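Visitor: Could you slot chain P onto chain C? The hints should help.
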Amino acid sequence: MSENQNIGSLSGRSKVVSNKKMTFAERIYLPAIFGGFAITLSHFFKKKVTIQYPEVKRPFSEIYRGKHVLKRDDEGRERCTACGLCALACPAEAITMIAAERKEDEMHLYREEKYASVYEIDMLRCIFCGLCEEACPKEAIFLTDQMVFSDLHREDFIYGKDVLVEPVDKRVDISHRQTPEVLKFKLDKNQSHNS
Amino acid sequence: MDGSYILYKIILASVILLISLVVAMYSTLIERKVAGFFQDRIGPNRAGPFGVFQPLADGLKLFFKEEFMPGSADQFLYILGPSLTMMIALLTSAVIPWGNSLSINGIEYSLQVADINVGVLYVFAILSIGVYGIMIGGWASNNKYALIGAVRAASQMISYELAMSMAIIAIIMMSGTLSLKDMVEQQHGMHWNIFYQPLGFLIFIVCAFAECNRSPFDLPECETELIGGYHTEYSSMKLGFYLFAEYINMFISSAMIATLFFGGYNFPFMDDLNLSHNALTIIGSLVLFLKISFFLFFFMWVRWTLPRFRYDQLMRLGWKSLLPLAIVNVLITGFVIMVKNHL
Numbered sequence: 195m196s197e198n199q200n201i202g203s204l205s206g207r208s209k210v211v212s213n214k215k216m217t218f219a220e221r222i223y224l225p226a227i228f229g230g231f232a233i234t235l236s237h238f239f240k241k242k243v244t245i246q247y248p249e250v251k252r253p254f255s256e257i258y259r260g261k262h263v264l265k266r267d268d269e270g271r272e273r274c275t276a277c278g279l280c281a282l283a284c285p286a287e288a289i290t291m292i293a294a295e296r297k298e299d300e301m302h303l304y305r306e307e308k309y310a311s312v313y314e315i316d317m318l319r320c321i322f323c324g325l326c327e328e329a330c331p332k333e334a335i336f337l338t339d340q341m342v343f344s345d346l347h348r349e350d351f352i353y354g355k356d357v358l359v360e361p362v363d364k365r366v367d368i369s370h371r372q373t374p375e376v377l378k379f380k381l382d383k384n385q386s387h388n389s
Numbered sequence: 184m185d186g187s188y189i190l191y192k193i194i195l196a197s198v199i200l201l202i203s204l205v206v207a208m209y210s211t212l213i214e215r216k217v218a219g220f221f222q223d224r225i226g227p228n229r230a231g232p233f234g235v236f237q238p239l240a241d242g243l244k245l246f247f248k249e250e251f252m253p254g255s256a257d258q259f260l261y262i263l264g265p266s267l268t269m270m271i272a273l274l275t276s277a278v279i280p281w282g283n284s285l286s287i288n289g290i291e292y293s294l295q296v297a298d299i300n301v302g303v304l305y306v307f308a309i310l311s312i313g314v315y316g317i318m319i320g321g322w323a324s325n326n327k328y329a330l331i332g333a334v335r336a337a338s339q340m341i342s343y344e345l346a347m348s349m350a351i352i353a354i355i356m357m358s359g360t361l362s363l364k365d366m367v368e369q370q371h372g373m374h375w376n377i378f379y380q381p382l383g384f385l386i387f388i389v390c391a392f393a394e395c396n397r398s399p400f401d402l403p404e405c406e407t408e409l410i411g412g413y414h415t416e417y418s419s420m421k422l423g424f425y426l427f428a429e430y431i432n433m434f435i436s437s438a439m440i441a442t443l444f445f446g447g448y449n450f451p452f453m454d455d456l457n458l459s460h461n462a463l464t465i466i467g468s469l470v471l472f473l474k475i476s477f478f479l480f481f482f483m484w485v486r487w488t489l490p491r492f493r494y495d496q497l498m499r500l501g502w503k504s505l506l507p508l509a510i511v512n513v514l515i516t517g518f519v520i521m522v523k524n525h526l
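If you read the protein sequences in the order shown, they are chains C and P. In terms of this note's numbering, the first sequence opens at residue 195 and continues consecutively. In terms of this note's numbering, the second sequence opens at residue 184 and continues consecutively.
Same shape as in the complex, but just chain C (with noise of 0.2 angstroms):
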């Protein structure tokens, strides 16, 4: 054997097959059967990989980045001035929004007088790489650890303000992902208006 025809395998994992003979006791296939019927009954005392998944739940990474969600602030008016950077940083083009002068009766709603009349995330598109939520300057938009669900249909993967707003009853805890690493990756964000 020549040096040339080993460098096929740089891996070292590659067999040379051969088409030789068989043996009578492989012709007789029962030795290998055996052998098959073993390795499945290993295998049917083996410790069973299936999660029962509505009681049970995967442990998520601490850091899972799901759902988004839009945060208000104390006083429940919504943070978004619709500057539309989270817009610019996406890579996956997935956020669209249309901004909206803030009229005299509004001040409750919202937090400054410019804010976002229709926000929507595709998120079919979305890649949750979580860039919006490093470049947001007015922490207002967040990446949770709640799924998307599954839907029929691909337009009801565009997720509108209704679903991305947190309510004002029911806010929305992202304190699980602020972990030192991610606040570390937002460090520059330290601005003195959302103090």
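Hints in this document: simulated from the structure, not taken from any laboratory. Among the hints, a few may not be true.
What the hints assert, rightly or not - Each computed DSS-like pair below joins lysine-lysine, with the alpha-carbon atoms no more than 25 angstroms apart:
| # | chain 1 | residue 1 | chain 2 | residue 2 |
| --- | --- | --- | --- | --- |
| 1 | C | Lys308 | C | Lys297 |
| 2 | P | Lys216 | C | Lys240 |
| 3 | C | Lys241 | C | Lys251 |
| 4 | C | Lys215 | P | Lys503 |
| 5 | C | Lys380 | C | Lys265 |
| 6 | C | Lys297 | C | Lys241 |
| 7 | C | Lys214 | C | Lys265 |
| 8 | C | Lys251 | P | Lys503 |
| 9 | C | Lys380 | C | Lys261 |
| 10 | C | Lys308 | C | Lys240 |
| 11 | C | Lys214 | P | Lys503 |
| 12 | C | Lys242 | P | Lys216 |
| 13 | C | Lys242 | C | Lys378 |
| 14 | P | Lys248 | P | Lys327 |
| 15 | C | Lys378 | C | Lys265 |
| 16 | C | Lys240 | C | Lys251 |
| 17 | C | Lys355 | C | Lys261 |
| 18 | C | Lys241 | P | Lys216 |
Just so you know, these numbers come straight off a predicted model, no measurement behind them.
Guide: For chain P alone, kept in the frame of chain C given last:
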């Protein structure tokens, strides 16, 4: 032959019919459970505790499915196919001795519906009609896949019947009887035929798999090439009959294997227990069902272990390996019997 005797036989036949159906029903669940366990899963467990209501749910689903018949199908044959398969699957249970006899008020009640003196012949006669159900169903569907499946089933079942009968002939030579009851009686204690006919047992069990169209010989209904084979065009309870008949066949085959090779309702040390005749009979029947359960499990074990044979391999195995082996087995048995009788 009085009225109570006929009534007893009718009751016994109904009970056996019921047991066959229930066993077949729960075999479907056990099969799925076993399949799951072999694949590191846990199988269906949502319908009731451990999924015990799963067969009921499956049955209900089959009943409510649309009863579809292809426009080009032969209507009479299309309905006859599954009915025949189901009927034939149930027929064999009549001659299997499910237990010894119960004596109540001095009258002996045999736990066998019909102790006919040609029991083995009867079984083979039924087996050979078995192919008609599949053949008729496949033909009547007027579908190429169904027809190929049916043709495969026919050639496969005819091929393996030969070797199977040959394997049994060696047993018949040993026991000198065709009655299944007598055969079981002769295996009393630990004189099970498996110890005298290991080769015959091997041939028989391989052929039993082929006759039941079970993996690794499930060519007539292979999903990958024939999209279900002979029952491609069937839906609703007609399909249910075909699938159900397969499990009944498995049950009956397991019973036949236990009866012919593993001593039927006999169990070791049964004479040393000092139990009454009736108690022994009941324990014996339970032991028989234990044996049957094991072989049902074995059927499933094989299915989830071995891949399907290729068609030419199947034919080669049947005609060029099993049949000659079975003939050699008959010759050896005959020789040993001759030597024993003249020494």
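Visitor: Could you grab the alpha-carbon distance between Lys248 (chain P) and Lys327 (chain P) and see if it respects the 25 angstroms cut-off?
Guide: 24 angstroms, holds
Visitor: Going straight from one Cα to the other, do Lys214 (chain C) and Lys265 (chain C) come out at no more than 25 angstroms?
Guide: 70 angstroms, violated
Visitor: Against the 25 angstroms threshold, does the CA-CA distance of Lys241 (chain C) and Lys251 (chain C) hold or violate the hint?
Guide: Within the cut-off at roughly 18 angstroms; holds.
Visitor: Holds or violated: are the alpha carbons of Lys380 (chain C) and Lys265 (chain C) at most 25 angstroms from each other?
Guide: It holds: about 17 angstroms lies between the C-alpha atoms, which stays within 25 angstroms.
Visitor: Has the given pair, Lys242 (chain C) with Lys378 (chain C), been kept, meaning a C-alpha gap of at most 25 angstroms?
Guide: The hint is violated at about 39 angstroms.
Visitor: Decide if the proposed pair is consistent with the structure: Lys380 (chain C) and Lys261 (chain C), CA atoms, cutoff 25 angstroms inclusive.
Guide: 19 angstroms, holds
Visitor: For the pair we were handed, Lys251 (chain C) and Lys503 (chain P), check the Cα-Cα distance against 25 angstroms.
Guide: Not satisfied, since the Cα-Cα distance of roughly 55 angstroms exceeds 25 angstroms.
Visitor: Is it true that the CA of Lys308 (chain C) sits at most 25 angstroms from the CA of Lys240 (chain C)?
Guide: Violated, at roughly 60 angstroms.
Visitor: For the pair supplied as a hint, Lys355 (chain C) and Lys261 (chain C), confirm whether the alpha-carbon distance does not exceed 25 angstroms.
Guide: 13 angstroms, holds
Visitor: For the pair supplied as a hint, Lys240 (chain C) and Lys251 (chain C), confirm whether the alpha-carbon distance does not exceed 25 angstroms.
Guide: With a Cα-Cα distance of about 21 angstroms, the restraint between Lys240 (chain C) and Lys251 (chain C) holds, given a limit of 25 angstroms.
Visitor: Check whether the Cα positions of Lys308 (chain C) and Lys297 (chain C) lie no farther apart than 25 angstroms.
Guide: 9 angstroms, holds
Visitor: Take the C-alpha atoms of Lys241 (chain C) and Lys216 (chain P), compute the straight-line distance between them, and say whether it is at most 25 angstroms.
Guide: Measuring from Cα to Cα gives roughly 14 angstroms; hence the hint holds.
The earlier numbered hints that this structure contradicts are 6, 7, 8, 10, 13.
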